[in-house]
Every structure is written in structure tokens, then in C-alpha cells.
Amino acid sequence: MSWRLEPRAEPGLLVEAGWLVLAVLVAVLAGALLFAGAGAPPLAALGLLVTEPFGSGYGLAETLVRTVPLACCGLAVAFARQANLWNIGAEGQLMIGALGASWLPLAGPPLPEAGQWPLLLLAGALSGACWGGIAALLRAFRGVNEILSTLMLNYVGISLVEGLVHGPWKGADGFPYTDFFGPGWRLPLLTGRVHAGLLGVIALAVVLHLLLARTRLGLELRVVGAAPETARTSGIPVRTRLVLALTLGGAFAGLAGALEVAGVEGRLHGGLAQGVGYTAILVAFLARGNLLAVLPTALALAALTVGGDGVQMAYPGVSAATVLVFQGLLLLLVLLGGRLAGFRLRRSPGGGRP
Amino acid sequence: MTCGSLLTLLLAAAVSAGTPILLAGLGELIAEKAGVLNLGVEGMMLVGALTAFAVAAATGSPWAGATAAAVVTGVFALLHALPVVLLGVDPVVSGLALVLLGSGLSASFGRPFIGQPATAFSDLPLPGLSGLPGIGPVLFTHDPLVTLGLLLVPGVALWLRSTRPGLLLRICGENPQLADAQGHPVLWYRIGATVAGGVLAGLGGAALSLAETPSWVDGLAAGRGWIALALVVFAGWSPWRLLLGAWLFGGLVAVGFRAQAFGLDLPTYGLKLLPYLATLLVLVFASTGRLRRHLGAPAALGRPYSRERRE
Amino acid sequence: MSDLAPLVSLRGICKSFPPVVANDEVDFELRAGEIHALLGENGAGKSTLLSILAGLYRPDAGELHVAGRACRLTSPRQARRLGIGMVHQHFLQADRLTVLDNLLLGVPDLPLLVRKSRLVRRIDEVAQRHGLQVPLAEPVGTLPVGERQKVELLRVLLQEARVLVLDEPTAVLSRPETESLFAMLRSFAAGGGGVIFISHKLDEVLELADRVTVLRRGRNAGTFPGAGLDAAELARRMVGHGVPPVRREPPGEQPAAEEVVRLEEVTVRGPRGETQLAGLNLSLRAGELLGIAGVAGSGQRALAELLAGLVLPHAGRLLLAGQVQSRWSPRRARAAGVALVPEDRLGQGLAPSLTVAENLILTERDRFTRWGILCRTRIREHAQERIAGEQIACRGPTARAGTLSGGNLQKLILARELERPPRLLIAAYPCRGLDLQAAERVRAALLRTARQGAAVLLISEDLDELLRLADRIGVLYAGRLLACRPTATLSREGLGLLLGGREGPS
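Protein chains in written order, with the numbering used here: chain A, 1 to 354; chain B, 1001 to 1311; chain C, 2001 to 2506.
Okay, chain A solo, but in the shape it has when bound:
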């Protein structure tokens, strides 16, 4: 007699949820170990991870502010996933979006104040779409792997912004960021630092969810992602759908950049993205293809960064990158849990192979 793993036909919801909870628990345990290793009392530090982002008005506002770009980029990744594409380029699309958005106040034509910030957001989304569109066209018509191309475009995008803020767009004080933009370019604030972009991204998630679920285009995108051959036999133009998925994804990430510029920073600088585009992959993965679920997963990961900052403040031994480690572990463990949910342990007669 020996034990072996056998694939099971369809894992029940309970089994999947069980594995998910287990994965998160193991990740939390590992996080506690990391804290302990860095000289922080693990329980108190874990507690901070919760109280810091949600325990105070300031913390909550900070969490919501960080949720906006994460959710936007999460949508950028999750939307492309619908067509079975990997958009690893949200980071660069965000930067290019911010660049395109900043071009209007810095070098664009004079505009009436009333239309300033909406146009700025539009410019950001368009620039991001162009950036995503490059990878999209290369993939659809040249067969270039979109993972590698979007990634290379990240470095290019970041360097472009760096070059601009170190050069022609350098601020009056000589530091590598632009001057602050005028009040007409700034997003209205809801409360404290929380800007109207929060409402915008919620609306965007809802609209995209409806687009996918309730329109012909959405249906076609999902068929292309789920079964490209079926899409072909059904007469769906597969290539143009692929291009659309990645280009629109770029637009959302570009919008994230514009929102950061107009809602939070008020100016352009090279450190705008801060890995948001990569964390967004985790956001989308945890949302499991559901665009509405991107909002809570983005909130959770934003809370994690805020909480991580809090822990780092309280216990100087803990590094800022601990959050990154935790994210990586979470991704690996949830992936593993999701896969294991598809197996069952069976006793088999005879010498079994693992």
C-alpha cells in the first residue's frame, strides 16, 4: 500500500476555501518568523499590521490612498488575464501614464481650468494605452512573448521619466522632480488626503465587471482567453481581441499614474510607481479573475504596505522589504494551495509513484 496524489474532478468550494485559509495562515506564520528574526515581537508586530492601516483615521486615509493605484493596476493585470495574457508591465504603463498626464500642465497648450484635471486623466490613460499597445501589437502580430516585452517596457518607461525629471522637466529648485501643478490640475479631495480617484476606480471596476459579464465584447474576450480554438471556430477575431485586452489594460495602469500625479503628488518624479505595478500582479492573482474582487484585494495589499510601514517605524530592525517577502510567500502559497485543492490523497495498491 502506498499513498499517492490523484487529480480530482472538481474541487468543492469548501475544499478551495480551506486551502486558501491554510495558505494565508502559513504566510502569516512565516511573516511572524520574519519579524521575530528582525528583532520585533511577532505578535505585537502582527497586531500593528492590522491596527496601523485600519485603527486610525489617518491610517485609514493612507490605506485608501494607496488602494487607488493598486486597484487600477490590478485591473490592468486582471483585464489582460481575461484574454489569457500576462501584463507584467503595469509599472511602466503607470509611469508613462504619469508622464503623459504631466505633459499637459508642463508643456501642453493652455486650457480652461474647469477641464484641466479630466483631460489630464484622459492623457494619462491614452499614454498608458500606447505603452501597453506596443506589447499588444508585438504579441498579436509578431508572436513576441508579452511577459518579456511588457517587462522591458517597464525599464524603458521608468528611465524615460527619470531622464525627463533630471533634464528638461527639472523643477526650479534643481531637484529631480517637476514643479507643482496648478490647482486646476489637482483632483478634488474627498476627505483628508483621499482624492476623488477612489470613487473613480470603484466605478471603473464596476464598469469593467459589467463590460466583461454583460457585453458581447466581454464575452468574446473571455472566450479568447478560455479556449482560443473555440473562439476561432465561432468566428471571433482572436488577434484584435488580444490587442484590445492588453491595450485597455495599459490604459488603466496609465490612469493609475495620472491619478497619482493629480491626486496625491501634484507633480511628477521618478519614484512614483514604487513597485505598485508588480504588487498589482498579486492583487489580480488573488482576485482570481473577478474584476470586482480586485477592489478588496487591492485594499488588503494596500493595508499590508501601510501596516508594514508602521511595523518598520515601531521596530527599526524590520526592513521595508519584509512586505515584499511576505507578498512573494503569499503568492507562492496561494498558488500551491489552489493547486493542491485539485488533488486528493488516495491509497493505491502496488508501488505508487509520487
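No lab work stands behind these hints, which were simulated from the structure alone.
Per label pair, the in silico range of CB-to-CB distance:
#: 1; chain 1: A; residue 1: Asn84; chain 2: C; residue 2: Ser2405; range: 24 to 32 Å
#: 2; chain 1: B; residue 1: Leu1086; chain 2: C; residue 2: Asp2230; range: 49 to 57 Å
#: 3; chain 1: A; residue 1: Pro112; chain 2: C; residue 2: Cys2375; range: 35 to 43 Å
#: 4; chain 1: C; residue 1: Ser2187; chain 2: B; residue 2: Arg1161; range: 29 to 37 Å
#: 5; chain 1: C; residue 1: Ser2405; chain 2: B; residue 2: Leu1078; range: 36 to 44 Å
#: 6; chain 1: A; residue 1: Ala107; chain 2: B; residue 2: Leu1126; range: 50 to 58 Å
#: 7; chain 1: B; residue 1: Trp1063; chain 2: C; residue 2: Glu2274; range: 53 to 61 Å
#: 8; chain 1: B; residue 1: Ile1114; chain 2: A; residue 2: Ala213; range: 47 to 55 Å
#: 9; chain 1: C; residue 1: Cys2071; chain 2: B; residue 2: Leu1281; range: 53 to 61 Å
Computed from a prediction, not measured in an experiment: that's the story for all the values here.
Using N, Cα and C, we set each Cβ at its ideal position, and we do this for glycine too.
Given chain A, work out where chains B and C should sit, using these hints.
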């Protein structure tokens, strides 16, 4: 400075700057030849770079640092190999997790080392060869890891082409059913190849932190892991073409970082873009029809293997 | 070696891939010096039996003796060590590697460092002995199939196999290639080895085999000496004596209906340039059900994909209602009223992760859309109606298609493809894997569609089904349409002969 000596300097810098990419690329090439796609090269390089730096600082020996980097990164690669090969987990997600983990771990544990002087490798001119006119200073007057890279290219090529394990490894990547039907342990070959990929990525990291840019900063690899991945595609899975690509990219990196040192007045950020833009171009070139068919990827790349699955 | 100690003997072998029972209590014996043919229809369990012999599958029950010794085969390596060498039907080769690399894999005790020149000499020697010279430096994938088979045989022979196991070795060979293969096999057997081979070509079975074992529906239907059998007898034993075929009422004298589709000298090549269809001529009229028979891989897939717009002809013309289609595509095919029930239901016919309701409208997206927005109520009502009408067993319109059973998947596809009467329906193996009742429903739907005036092309491996349903039956053989005759003029035996590439008495 004469034109000739400038050229020699530049070429030598290209060879040196290409070494981390070359080592990491060779590792990925081995893993992909066995059929395992590992997108985590960037993370593995970072882990290797930090391990090398820290151990070299602690022991005072860059050799110990490089060895430790190889071992630690090899074990790190198991985090990808075991779930992907044994359970058939999505290699893309798993590779991305490796990147996150690698950058996080290296940044966490690397904090005390920022700004510290490196216990770097010193150049070890090869007796007899380094004196050769022209080629000597370009190829044979470098640190030991550059020499290792130069030795590994024919080594890996020969190993893949003309040894029993090399042949079996290639067959695991082309047609795992065949290897299995002949009674060879496909899964072990695949795990082994992934670990070997980790070892070489670790050495690539060591080449960065102990030789190429002897220091430690967060994200030291700066995309070199991803460039290595793209170069494997460009090279059509051939070690020799990978060497060529690595030198080319080393040249671009060297020009980017050393333009001022060479007295050239070029926009810095434009130059920093070069390797990434060139990678994009190279991908487009490598993906065009004829070349792709000629040099295509291993047939079973990225596909999990398990027996007794009908159809 | 005497007859008392057979080279290989299998007793009571059972193997199932739930829900399919592939082998059910099969006994089989191979003597030294004999060539033993394994015969049976597609799905009769021949390949499974051979895979068990090669150590690829482990049987659920049963015993295996090699050279008189009981053993348990747990791996291909063990089978190889016992001297059993398998030549797979779909060559198990690494296409992009050279012939030499593929052969080296078969060399026992391959040294760590492969000195190729020495091994080349050894390979040449074996090749010379068996008449199997092949170009060693070429990538295997670029060779013609006959050469590729030589590589496969050579690899097995390098392993010093005592038992050669060949799965449909002649399916892809030309006549001269076949003859040289037979000569080689005969000399191998004369040297004391044993050969097991699967073939559909009855002539060749009679020509080569010393004994023949027939498998039917996973069971052994008898072992016979090759001498004294004739082709008709073999065909009859293979297809069995089932229920006398119930035929479709022969149509009375009718005015010739309008021609729906016509293929003129159409040639289709595969991605690697291999010919899949060669000079095909075909005409299909409205209201007619044309059956296509043939052993697996004779070009059925290419024919279906050509008509559905998925592949383009390399030569020849495709006419729809008399119009030459020069820019043919899936969209144009759909627009022209072509419906497809594909062989690969989940991969080509459905999107498994989408809901039943969504899958039901895949090909009719415009009808359920207004201003680009899906009309959810109509889609749901439509789904409920079709689910009830076709008795699709599922949790409702929102169930994911991937969770349905095989029979219900097929009902789902039919419900969609037949909702509006098509002008041309292509059905590839529509009843494969279905239980009897589900299959009957599918067959009834096909007949109904034809009666409503559509042209129906039914590709099937089930001769009973074709004889019952089709007005005419064509037999595909190596990419060519051998015959296309009215069903009334055909018998099972005649079809059996045609499948084996032989024009027989009708």
C-alpha cells in the same frame, strides 16, 4: 587615450559587464532545455548577489562568497522546481513569486551592507593568454567569474551535445514521454536542471556584487535577470549565441555606465535605456517566422509532465 | 525455444480509464519466432494492451509472464530490460533532435561521455544487418514517415529486443516501404524473436501474420492461425455480429436537390508540409447525409477543418452553393450557414470555464446583443428553453460548461449548432464516448437535420452508425477518398475491406 586602447577598454568592459547576464542566461538555458520555464531569474540573481557579498565580507574571501551564492541560490530555485515539476503549478506565477521573494529577501537582509566596501574579486590574468595582443586584455585579464563564464560556454555546449545526461536532459525538454518510455526519471532531470539554473543565476549575482559593480544596493540586478531570459530566446537556446548576446548587452551596459568615464558626452538616461530597448528589438527579431522555426524553443517548454494521463 | 514457453503471455488483463473499460480479462500469448497480429476496431483496446506490455500503463488486474517467468512491469525501463521493444504509432521521437541523438537514447549502457564516432559505427552495423540505413545528422522531424519509422525500429533493435511491439506500423507507409518492413520483420522472427503488430490493413495481416488475435470492445474475441483465413472472414470477426443494421428508409425517386458544397481536387497540407488531404473530390447535396469512414488519422480532421474555414486548401477549389470561396474563414463559414460539431468538444466546441448559457450563444452572438450589450434575460430564457428541450443535465444556465458530462457537452454543442437549421452540418465523431441513449439522441438529431434540408457530413469510426444513418458513405484512406457509394450498395464486410485500403466485393 588612443583610439585603439579606448576600444580595448570598451571591449574588456563589455566582456566583464556581460558576465552576470551570461551566467544567469546559461542557467536559464539549461532549465529551459529540460522543459522548465523559470521567470524568477531576476530574484535568483539578487539572492545570489547578496549571499556572495555577505559571505565574502564575513569570511574575507570572494571565493567563499561565490560558492555560498551558488549553493544558496540553488536551494532557492527548489522553491520553483518542486511545485512546478511535481505538482504542475503554473510556472509563470511561480516564477513571479520567486522574483518578489528574491527582491524582498535580498533587500531585507541586505540593509546592513548598503554602502559597505565589497570584498571583491581582483583581476586574475590568465598566464600565457593575457599577454596576447588585442585579445588578451579583452578576454583574459578579468576576475575569475569572467573566466568561469568563458569556460562554461563550451562546457555547457559540449555537455548538452555529447554526454548522456545532457542528451537525456534535452529529451526531457523536447519529448518527456519519450524519456519516460525509455525509463529515465523525467521529473528528477527537470528538478536538477532547475536547480542548476539557480546555481548559475547565483553565480551571475555574485559576478555582479563581487566584480562588475562591487557593492550592494537594493535591486542590484536592475533587470539583468529579465534580459538574460530574453537573451535565451534570442540565442535560440544555443550557448554560443548566448555568449554573443551577453557580450553585446554587456557592451550596451558598459557604454551606459561608463560613457562619462570614457569622456563621451551623451544623455545618461538615454544610454541606460539601451539594453532594454535592444532587448525588445532582439525579441522582435527572434520571434519572426523563419528564425523561430529554425531555432524554436524546446517543444515541451513550460508543459508539466505526468504519466497515465490519457490524451 | 519451444512452444511450451511463450515469449510473452498475458492472462486476465484488465485496465480501465473510468468510465471507459479499455481491457476486460484479456488473454494473449506470443510464441518465439512468430508474427502475431492484433486486430480490432478503434477503441477495441489494442493500444492499451500494447502500452501495458511496454510498461507504460499498469494493469488493474491480470498476470504477465515473459519467457515463462512471472513478472510485474512497473516501468518502461523494466520492459526494455526484459527485451520488449515498442514502436509507437505516433512516433515517440524528439522531432527537433537529430536522428543520432534519438538513436543514442536506445543504446544500452550509453557511456557518460558520448563518443559519437564509435557509436555511429555500432549503429551502422545494426542498421546494415537489418537493412535500416537512415541519415544520422538530420533532425528526425524533417524525415519522411517511412524513414522515421526506421529510426524507431533501429532504436528498439539497438536495445537488443527479443519482442518487437508495433502499433499500426504500416498505417503511414507506401507499398515498397511496407514490403521492406515486412522483410525485416520476417528475418527478425526467423532469428527467434517475436513480433506483435496492430494493423487495420487486412491484406497485410494475412500476408504477414502467423497468428491473429481479435479484440472486440476490450475483450479477446479469439485467436486464429493466419493460414486459412480470408479477408472477409477477418473483417466479420473484427466488427462482430451485432444487431442487423437498421437502415434509414431509402429515399424514393426525388428530383436531385441543390448542391450545397463541392470540393474539387482539394489538397490540404499540415503545418510541417505533410499532405493531409490529397486531390479530394466531394459533392454534398441538401438533405443528404454523407458518412465518412476511415481509420484514425486518414485526413478526417483536415476535412472537417477545411469545411469549417479553419484551414485553407493548398490546391483545388471549394464551392459553396456553386460559388467559389476564395477567401474562406470561420466567420465566412458561419455566415454561410456552416455548423460544426468538432471532435475536440472542450477545446474546439466550448469554452469550459464559461457558463452553459454563454456557450449556447457563442456562434450567435449578434442575435443576443443590442448595442453591444448582451440581452441577459433573453439569453437566460434561451438557455432554459434549450436545456429543457435537449434535456441537458446541468445545474442550470449558470453552470460552468466544463462541469458537464461528455454526453451533456455534446447535447450542449448540438443545441447551439442546430438551433437554427444549418445549410451544412459537419459532425466529427459526434457519438464517441457517449452512452447508448445519448448517442441515439445525437443520431436522431443528425437525421432530423438532414430531413430539414441541410447537408450533413458525418465523420465516424462506428460502421454500424454509418450504415444506419448515411445516404452515402465515403472512405478516407491516407488523405484520399477511396469510394463514395450509396449505403444500399455497401456491407459491413465491404466497408471493412475498404478501411484496410482494399477495394472489395460490395
